[in-house]
Amino acid sequence: MKIAIIDYGAGNIQSIKFAVKRLGFEAVLTDDAEEIKSADKVIFPGVGEASSAMKMLKSTGLDKVIPLLKQPVLGICLGMQLMCEYCEEGDTPGLSIFDAKVVKFDNTVKVPQIGWNQIYDLRSDLFEGVNEKEYVYLVHSFYVKECEETICSTEYGVEYTSAIKKNNFYGVQFHPEKSSKAGEKILENFLKLEK
Amino acid sequence: MLTKRIIPCLDIKNGRTVKGINFVDLRDAGDPVELAAKYAETGADELVFLDISATEERRKTLANLVLRVAEKVNIPFTVGGGISSVEDVDILLKNGADKVSVNSSAVKNPDLINELSQKFGAQCITVAIDAKQISGQWIVHLVGGKVPTELDLFEWAKEVEKRGAGEILFTSMNNDGTKDGFANIALKKLSEDLNIPIIASGGAGNIQHFVDTFKEGKADAALAASVFHFKEIEIPDLKKELADQGIPVRI
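So the protein sequences, as listed, match chains A and B.
UniProt numbering puts the first sequence at residues 1 to 195.
UniProt numbering puts the second sequence at residues 1 to 251.
Isolated chain A, as found in the complex:
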């Protein structure tokens, strides 16, 4: 199986590569459109600020490539947010794969949210073998609002989308690569999805 991790200069992608390796698979870090298109699975990571991440995507033309991918694609953290319609951070139009908006937590809670929180109302093959209210690791200041494509939720002052799915596109707000055994299971489920 060929796994591509989209490398567009976004922060900590080594960890995802290593997590994939711990599951017994190899992944390549790449920004090459052909290599990404021909992969069996694509992981779209992201750490940092939305508008500068989007700029980097545009400069490589990947903003045009990602929405047209046909194989399973998993956006992680900012990767998931960029797949939405609009990110409040830096007033950034997203890739519009998901019909959802990304907004900032209000100041009734500490921002960023850093740490382990629960995912619930799990409704996707991504969560096979994962318990309701399982803990995952999250670190973010902006969140995806609840919408029709939501496949699980998390509560932090507000109930929000912690994972989302549309056709072959999946997004998770948490870091499966840093979420201990539960994260590994979710990542494994993604890697085992049929095309």
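Don't take every hint at face value.
Here are the computed lysine to aspartate or glutamate pairs in the EDC-like style, where the Cα-Cα straight-line distance is at most 16 Å [as the list claims (entries may be wrong)]: (1) A:Lys181 / A:Glu132; (2) A:Lys145 / A:Glu159; (3) A:Lys133 / A:Glu148; (4) A:Lys165 / A:Asp125; (5) B:Lys188 / B:Asp212; (6) B:Lys72 / A:Glu184; (7) B:Lys218 / B:Asp193; (8) B:Lys132 / B:Glu155; (9) A:Lys181 / B:Glu71; (10) B:Lys162 / B:Asp193; (11) B:Lys94 / A:Asp7; (12) B:Lys119 / B:Glu71; (13) A:Lys21 / B:Glu71; (14) A:Lys145 / A:Asp99; (15) A:Lys58 / A:Asp31; (16) B:Lys72 / A:Glu26; (17) A:Lys181 / B:Glu41; (18) A:Lys101 / A:Glu146.
Please keep in mind that the hints were generated in silico from the structure rather than gathered at the bench.
Note that the structure is predicted; figures quoted are calculated from it, not measured.
Guided by the hints, dock chain B onto chain A, whose structure is given.
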């Protein structure tokens, strides 16, 4: 619900853990990677590696260690110690660190916090503050608490937040090493003054101290070293007691 985090801290020198670490069931207790994996297994929520090397090769040795930790460990970790530039941070994050912590370099050059936050995002920038209470006032100290500055803890903490820190790791020099409990009054004030997470550090001696720092100190996370390394407190026992006392933890 977002849980309170338990964070073991490992002191690193030349790629090895320092201080006697009493883990009889480890092949090599001096190997930070093995120790980190052990902590991850037993329920630590996060790890902090504090590098105290002072050699020419320290950057390379640390980057190499970070890469080895990232390869083996499935929970987040922060790296601190001697970080003073955008390049330092870039290398550590690229090798797999989730967060970095800056301390003295932020006091000497506060703009560094803005630069790091803008470039890498606030979520991966922890500012560590060491402070000592002198005649009622909390004064920020440098060089592991040896050198006093002019800065007031609460003023500095507010400035650090404004400049883009994602969280604050506050070590009370009055409490550090005493095993008498965390500096909960100061912690509570920090937690109420600021709107970013606060990690309590310095003073952990028993399980009740952790309960107190979450309840009275309003801390978001608690860090300790020796009580974990010497197995005076086992993380599963600690978490069970926290849960029994109504504190949200990941079990």
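Hints versus structure:
A hinted pair counts as satisfied when its Cα atoms are at most 16 Å apart, and lysine 181 of chain A with glutamate 132 of chain A qualifies at roughly 14 Å. About 8 Å separates the Cα atoms of lysine 145 of chain A and glutamate 159 of chain A, which keeps this hinted pair within 16 Å; it holds. Restraint check for lysine 133 of chain A and glutamate 148 of chain A: not satisfied, since their Cα atoms lie roughly 20 Å apart, outside the 16 Å limit. For the suggested pair lysine 165 of chain A and aspartate 125 of chain A, the alpha carbons sit about 10 Å apart, so the restraint of at most 16 Å is met.
Taking the CA atoms of lysine 188 of chain B and aspartate 212 of chain B, the gap is about 11 Å. The hint holds against a cut of 16 Å. This hinted pair checks out: lysine 72 of chain B and glutamate 184 of chain A have alpha carbons roughly 13 Å apart, not beyond 16 Å. For the given pair, lysine 218 of chain B sits about 11 Å from aspartate 193 of chain B by alpha-carbon distance, which is consistent with the 16 Å threshold. For the proposed pair lysine 132 of chain B and glutamate 155 of chain B, the alpha carbon gap of about 14 Å is at most 16 Å, so the pair holds.
Straight-line distance between C-alpha atoms of lysine 181 of chain A and glutamate 71 of chain B comes to about 15 Å, which keeps the hinted pair within the 16 Å bound. Taken as a hint, the lysine 162 of chain B and aspartate 193 of chain B pair is honoured in the structure, with Cα atoms around 12 Å apart against an allowance of 16 Å. For the proposed pair lysine 94 of chain B and aspartate 7 of chain A, the alpha carbon gap of about 12 Å is at most 16 Å, so the pair holds. A threshold of 16 Å between alpha carbons decides the hint, and for lysine 119 of chain B with glutamate 71 of chain B the separation of about 25 Å lies outside it, so the pair is violated.
A C-alpha spacing of about 8 Å is found between lysine 21 of chain A and glutamate 71 of chain B, which places the hinted pair at or below 16 Å, so the restraint holds. Restraint check for lysine 145 of chain A and aspartate 99 of chain A: satisfied, since their Cα atoms lie roughly 10 Å apart, inside the 16 Å limit. This hinted pair checks out: lysine 58 of chain A and aspartate 31 of chain A have alpha carbons roughly 12 Å apart, not beyond 16 Å. Note on lysine 72 of chain B and glutamate 26 of chain A: the hinted pairing holds, with a Cα-Cα distance of about 15 Å set against a maximum of 16 Å.
Proximity of lysine 181 of chain A to glutamate 41 of chain B is assessed by CA-CA distance (about 9 Å); at most 16 Å being required, the pair is judged to hold. The straight-line distance between the Cα atoms of lysine 101 of chain A and glutamate 146 of chain A is roughly 9 Å, inside the 16 Å bound, and the hint therefore holds.
Comparing the model with each earlier hint shows violations of hints 3, 12; every other hint is respected.
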